[in-house]
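Trainee: One-letter residues, chain by chain:
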Amino acid sequence: SQTIHQWPATLVQPVGSPLSLECTVEGTSNPNLYWYRQAAGRGLQLLFYSVGIGQISSEVPQNLSASRPQDRQFILSSKKLLLSDSGFYLCAWSPTVNYGYTFGSGTRLTVV
Amino acid sequence: AQTVTQSQPEMSVQEAETVTLSCTYDTSENNYYLFWYKQPPSRQMILVIRQEAYKQQNATENRFSVNFQKAAKSFSLKISDSQLGDTAMYFCALNSGGYQKVTFGTGTKLQVIP
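Each protein sequence line maps, in turn, to chains E and B. Residues 83 to 194 (our numbering) are what the first sequence spells out, left to right. Residues 31 to 144 (our numbering) are what the second sequence spells out, left to right.
This is chain E alone, in the form it adopts within the complex (with noise of 0.2 Å):
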């Protein structure tokens, strides 16, 4: 069966740090990988997807960036945190984007 792991599950970091959050999917082979951020009382927000190796799509112009280096393996990274980068960032992959994705259990930001 297929399994996603995301992390950390928190993480507190001072403005201007790095950032590098981590996503890995078991049991499959080229998934489209997500990057959501979830902001307090609002739905979801799509920062980036990718359908393969080294594809990558942004949907939000922002400090942050993500990598796919391996099939199964979606980084968001940050060079310099912002206070406003702080956040619920959840990690998804689906087989194909009508099917439905399968979340990861997400990573508490926050940015102090």
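No lab work stands behind these hints, which were simulated from the structure alone. All residues carry an ideal CB built from backbone N, CA and C; glycine is no exception.
Covered by chain B, per the in silico footprint, the following chain E stretches (three or more residues, Cβ under 8 Å):
hint, stretch
1, 128 to 134
2, 182 to 188
Ranges between beta-carbon positions, derived for each pair:
hint, chain 1, residue 1, chain 2, residue 2, range
3, B, 100, E, 137, 30 to 40 Å
4, E, 147, B, 47, 42 to 52 Å
5, B, 127, E, 164, 26 to 36 Å
6, E, 95, B, 76, 26 to 36 Å
7, B, 85, E, 137, 24 to 34 Å
8, E, 142, B, 59, 14 to 24 Å
9, B, 46, E, 164, 44 to 54 Å
10, E, 190, B, 108, 25 to 35 Å
11, B, 48, E, 95, 39 to 49 Å
12, B, 97, E, 95, 41 to 51 Å
13, E, 96, B, 143, 40 to 50 Å
Sample of chain E residues with no beta-carbon within 10 Å of chain B, all distances over it, derived:
hint, residue
14, 93
15, 99
16, 108
17, 110
18, 111
19, 112
20, 147
21, 155
22, 159
23, 160
24, 161
25, 167
26, 169
27, 177
Use these hints to put chain B onto chain E, whose structure you have.
Mentor: Quick look at chain B alone, frame taken from chain E:
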């Protein structure tokens, strides 16, 4: 563009009763998919139900069913025999036109009262 609107920020229901969560959407595409996701307090988002727009029949998954009104662009979720474990945020979502983007509503917080 595709939009999803959930007009009920919070709802409550007595245990064992039935509750309906509302969702309306907008898209110019004929081919699209609708979803309901559940996010319990543990925060892990779970797919509850999926509906393909070209299918007339309403999707059902155990105690969860939808009322899909295509002309009205309405996609409500009915939870029967509510259980305490149904307490969660529920998000309606839409994917249309073959694009990679899924648009989510702002969610409805459901509280099941014992």
